[in-house]
Every structure is written in C-alpha cells, then in structure tokens.
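Peer 1: Here are the chains, one letter per residue:
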Amino acid sequence: MPTGLFHTKYEDDDKIFQTVWLKCWMGAFLLFLFAVFPFLAPHLSGLFGFSVQHMANMIGIFIIGAHGLNLLTGFTGQISLGHGAFMGVGAYTSGILFMKAGWPFWLTLPAAGLVTAAVGMIFGVPSLRLRGLYLAIATMAAQFIIEYVMRNWTSLTGGSAGLIVDRPTIMGFSFDTDFRYYYLILVLVIISTLFLKNLLRTKTGRALVAIRDRYLSAEIMGVNLFKYRLLAFGISSFYVGVAGGLFAHYNLVVSDEHFTMWLSIQYLAMVIIGGLGHVLGGIFGTIFMVLLPEVLRIPTEILSNIYPNIFAIFGTLRELVFGLVIILFLIFEPDGLAARWHTIRAYWKLWPFSY
Amino acid sequence: MIQLEVQDLHLSFGGLAALSGVSLSVDPGEIFAIIGPNGAGKTCILNCICRFYYPDQGRILFEDKDITQLSPHKVAHLGIARTFQNIELFQGMTVLDNIKLGAHVHLRSGFLSGALYWGKASREEMRLRREVEERVIDLLEIQAIRKKIVGTLPYGLQKRVELARALAMRPKILLLDEPMAGMNLEETEDMARFILDINEEQGVTIVLIEHDMGVVMDISDRIFVLDFGTKIAEGSPEEIQHNEHVINAYLGGSDEAFSKLGI
Chain A
-14 MPTGLFHTKY EDDDKIFQTV WLKCWMGAFL LFLFAVFPFL APHLSGLFGF
36 SVQHMANMIG IFIIGAHGLN LLTGFTGQIS LGHGAFMGVG AYTSGILFMK
86 AGWPFWLTLP AAGLVTAAVG MIFGVPSLRL RGLYLAIATM AAQFIIEYVM
136 RNWTSLTGGS AGLIVDRPTI MGFSFDTDFR YYYLILVLVI ISTLFLKNLL
186 RTKTGRALVA IRDRYLSAEI MGVNLFKYRL LAFGISSFYV GVAGGLFAHY
236 NLVVSDEHFT MWLSIQYLAM VIIGGLGHVL GGIFGTIFMV LLPEVLRIPT
286 EILSNIYPNI FAIFGTLREL VFGLVIILFL IFEPDGLAAR WHTIRAYWKL
336 WPFSY
Chain G
5 MIQLEVQDLH LSFGGLAALS GVSLSVDPGE IFAIIGPNGA GKTCILNCIC
55 RFYYPDQGRI LFEDKDITQL SPHKVAHLGI ARTFQNIELF QGMTVLDNIK
105 LGAHVHLRSG FLSGALYWGK ASREEMRLRR EVEERVIDLL EIQAIRKKIV
155 GTLPYGLQKR VELARALAMR PKILLLDEPM AGMNLEETED MARFILDINE
205 EQGVTIVLIE HDMGVVMDIS DRIFVLDFGT KIAEGSPEEI QHNEHVINAY
255 LGGSDEAFSK LGI
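Chain order of the listed sequences is A and G. By the numbering used here, the letter at position 283 of the first sequence is numbered 268, and the numbering carries on one by one without gaps. By the numbering used here, the letter at position 75 of the second sequence is numbered 79, and the numbering carries on one by one without gaps.
Mixed in with the good hints, there may be bad ones.
What the hints assert, rightly or not - Between beta-carbon pairs, the in silico distance windows are:
1. G:P32 <-> A:D320: 46 to 56 Å
2. A:D320 <-> G:D201: 35 to 45 Å
3. G:Q11 <-> A:I130: 34 to 44 Å
4. G:K124 <-> A:T285: 52 to 62 Å
As the list claims (entries may be wrong) - A partial selection of chain A residues facing chain G, derived with a Cβ cut-off under 7 Å:
5. R191
6. A195
7. I205
It is worth saying that the hints were derived from the structure and are not from the lab. Computed from a predicted model, the values in this text were never measured in an experiment. Backbone N, C-alpha and C define an ideal beta-carbon position, used for all residues, glycine too.
So here's chain A without its partners, still in its complex pose:
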C-alpha cells in the first residue's frame, strides 16, 4: 500500500486536487453548495434569527472582492485602502449601464470589471514608486476621490439619493429572488477562485509573488516591475469591480454610503484574518467577517433581555466584541485562518501515527 504521493508524471504533480479522496470531498462539497444548502437555508434562518440565504449571497459577493485584494496585498505585497471605492466603481458601472444604457447583464458585469480595472490601474501608478504605508496613503487618496465623485456627480450616479438597480436577467431567466441569485454568485465565486488559483501557478502569478518577496532580484531575473505591478492592480480591481456589479444588482440600490473607507478596511481585515497569500484566505476571512456581526447579535440580544440597563449604557458592545475578536485573532493566529487550516490538515494526514 502506498504511504505517500508518488507521482510518475509531471502533470499529476501539478494538479490542484492531488488525490482521488480530495476530489471526492471537493465534489461532495460542491454538491452540497448546489443542491443541499439553498434548500436548507430557509430552515436554518428560523434557527439563527437572520436570513441565511442572504448571508450566503453577501459572503459570495465579498469573497470575489477579497480574492481581488488578496491578489494585490497577499500575493504582490502591495497594500490598498481603495478597494471599497473600487467596488463602488464596479457597482455604479454595472448599474448605470444596465438601467440607463439598457445593456444586458452579461455585458454590464464584465464591463464593471473592465472599467474598475482601468480605474484601479490609474490609481496603481504610484505603486511603481511607493511601498508599504506610503502606498496605503496614496490608495486612500483614491478612496476619497472616488467617493467624492460618486457623491457629487449627481446626474450620473444619483448622488446620495442613490441609484435604483433592477435584478438581472440572462437569456430570459430572471434572478429575481435570493434563491436564484445565489446560483449566479456561486458560479462566479467558483470561476474566480479557479482563475486565481491557476494564475498563481503560472508565469504571471510567480512574477507577482517574486515581486512581493524581493522585487530587486525579480527585476534581475527579467520581470518587468512596471508591467506586473500595474497588472496586479488591474486584475485585483477587475475582481472587486465584478463583486461591485453583483452587489449593485443584489442590493437593488447603490449609493456612495455603501463604499466608504470602512469597506476598504473591512476588505483588508478579511484578507488578513483569512490569511495573506493563501487562496483560501479570501474565502475564510470573508466568511468570518460577514458572519461574525450576525453571530454576535444572538448572545447580545439574549443578554439585553436579561440586563436591559447595561445594554442601554453599552449600546456598542457588539462592535466592541467585534474589534476584540479581530485583535485576538491577529495576536494568536497572525498567519490567518488558512494557515490554521493547513496545520489541521497536516495533522490529520498522518493521524493517528503522527511520528
């Protein structure tokens, strides 16, 4: 009986899922997501006190955005505090093209990605000179500029009153309920995850990681820093723009208040908690960040029934705990949830004979 992986072909060694068991698990998980979860969701909603289907959809949308930021921050080593606003660019692009220009949805969504990619690349130009905190400040400027444009270009964006967007239709099939929209999001999440994974195991991905680890020697090995830094901003913004487009058609109203600095910071928190530089990091981090406030609501509501006075004084207890959990996470699991996942998997691989 083989006691390890002994590949005889390079193709085998290059596969994402290397064993039959992993493929089976993955297949079962996908089957669950497609055929079991959406039918189970209404029943779970009553149990948890919030709409599970809605949460799953939000998680899906933000996973795509978090993948984008993870590509930029986790894999290329360039921080961005502008991704909240970039998501807004995608949302407005898709919304305006859909509502005002009457484009079909299957065109507006890629257009949202492309326009956001262009905007992201313009604001990514400083990355050629700036790194670390300096780049964070430069991209923060992008955040404020875009926010300002969204709020004040009233004729196009509807200003702070917002832009009303309809649910999309593809080939006559209308994604008018949360249940139907879920499938659209799920398919896009799978595609975007596969794209990211494949990108990272080919030429471009290696060049990006090389720039993160040591850009000077990457340049000596023939990596064009200018091209790849901009490309990272472009692909990353494309992802977050698509997420924005999905968000616009899901939320039905787009206003500048959705895409503030707070969203940019949440995105950063997602990839940091999930694990910078792991494809799974974007997924875990998003699930954690979106679910945590909802899950925290359950004990606080119970407690506020018992001690109404305390909660009148400490009304923001939920936000406090939220912040505390994130800080504790950074202290005790600085490499993120994905790293923890790998440790657990490594443990079970040899269990019970770990020596």
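Could you slot chain G onto chain A? The hints should help.
Peer 2: Positioned in the frame of chain A, the structure of chain G alone reads:
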C-alpha cells in the same frame, strides 16, 4: 570574439570612487574570476553589468551590443544571469517556483491563458517543469527539497537554489558573486563541481567573484585582480600566483601571502 566587454568603467558614491577606469573582457566559454580585497569594487562591476548601478562613465558591451542604457529586466532577456553575495531568493516561494521564475524570460503565455490554464499555457508549464527538472534540478542535486519553502532551508542549500534559479534562465553568461562564501569544505567542493559542470556541459561563460583562493586558482581560466577600483593584474592562475603586484599590494607581501595564494 569577446562576449562581455567593460570599457573604462567609472563609478562613485558621493566623493568616494568605487571604480576608476576598469576595463575587462570576457571570452565565450571561459571561467573568468575577479578577485581583490574587501571593498575593491568587485561586486560594483557586477552591479553595473546588471544595471543596478548606473556608472558615471564607461560602456558595457554584451555580444557587441551596448547595454549601458538598458533597464535591468531587459538585460535578463539578453541572457545575463547572476547570483548574489547575500542570498536574494524569493523566501516565501517553493524551491521549484523559485527556479521556474528563473525561466520567466522564456515563457510566452499571458495572464489570461495562464488563468484559464488551458491549451498553450498548461503545455508550456509542463514543458518548463520537465526542462527545469531534467536540466537544472538533476544537475544540482536538489530533488529532495524541490517542494520546500526556500526560507526554511539551510544557507548552503539556499546558495545552491540561487544558482539553480540563475541556471533556469538558460543564460549565456553567469555572474556568480561569492558562491562559496560561508560554506564548509564539502559544500565548496560540490559548488566548484557544479560550476565546472555548468561551464562544460552547457557552455555557459562564468564570471566568478570569490575569496576562496584554492577554488579560484583551481577552476578559473583567467583571473582579474582588482584593488581600490583599479585593475592591478590579469592573467592565468599561474601568472597571478607569481605576480609581484598581487603579492605586494593585495596580499601583503609576506610568506603568509604565498600560503594564501595556495603555493
């Protein structure tokens, strides 16, 4: 024919002249060693060739093409690879990915076909894997560590991975900056054997900076001696070993010098 030619190179940092009028020429297929005391400007020459530093004066020609004004990543496309004195690997990547990145200039697939991993891109990736395994990893005997993260490897192996990464570029000329620094005797011997193998089997020209005189005298075809940014001698190992200037100016002119030169 001369493969690499440096003409009258001047480089200074503020008021400090690091190189003052260095000229050298390297023939194809030879092992060319640059030696000299610390701070003589050896690494500065390599940094000028790689376009890390912009020389104040002088020209650098590679295969009769002036590369003095090229940007660093274009120099790599010409087939000039190098390793560094302090290891400059991509610490978070696996050994295999580090080596594959070395072949960056030879890959044609763009990011879209890469992200789809379909057709051309996946075929190219497999071809690269085969080449890297058979031409680089087997030669340098690092099969066992190919999936390890570079940052976790010991120093001697990291040096070897760095050589592998440079070799994956299919270079015409390989600039090695102290490849044996900090190695024990066995690792030094291995490294010397690899350098000779690369030079003989793949016909790569080698420019070597090294302080281990035993190795330099053993494997080089020609030696270039540098002191305070100027050339003080050039010739075969035998000539250098008996050169008055080298012995006096560089090694101190005592009996100790002779032992250092391995005589």
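Peer 1: Next item in the hint list is I205 of chain A. Is there a CB on chain G closer than 7 Å to its CB?
Peer 2: holds, 6 Å
Peer 1: Quick check on a hinted range of 52 to 62 Å for K124 of chain G and T285 of chain A, using CB atoms only.
Peer 2: holds, 55 Å
Peer 1: With a cut-off of 7 Å on the beta carbons, see whether A195 of chain A makes it to chain G.
Peer 2: holds, 5 Å
Peer 1: Between P32 of chain G and D320 of chain A, does the beta-carbon spacing fit 46 to 56 Å?
Peer 2: holds, 48 Å
Peer 1: Quick check on a hinted range of 34 to 44 Å for Q11 of chain G and I130 of chain A, using CB atoms only.
Peer 2: violated, 50 Å
Peer 1: Against chain G, is R191 of chain A within 7 Å by beta-carbon distance?
Peer 2: Interface hint status for R191 of chain A: holds (5 Å vs cutoff 7 Å).
Peer 1: Does the Cβ distance between D320 of chain A and D201 of chain G fall inside 35 to 45 Å?
Peer 2: Holds, at about 39 Å.
Violation of the numbered hints given earlier is confined to hint 3; every other hint is satisfied by the structure.
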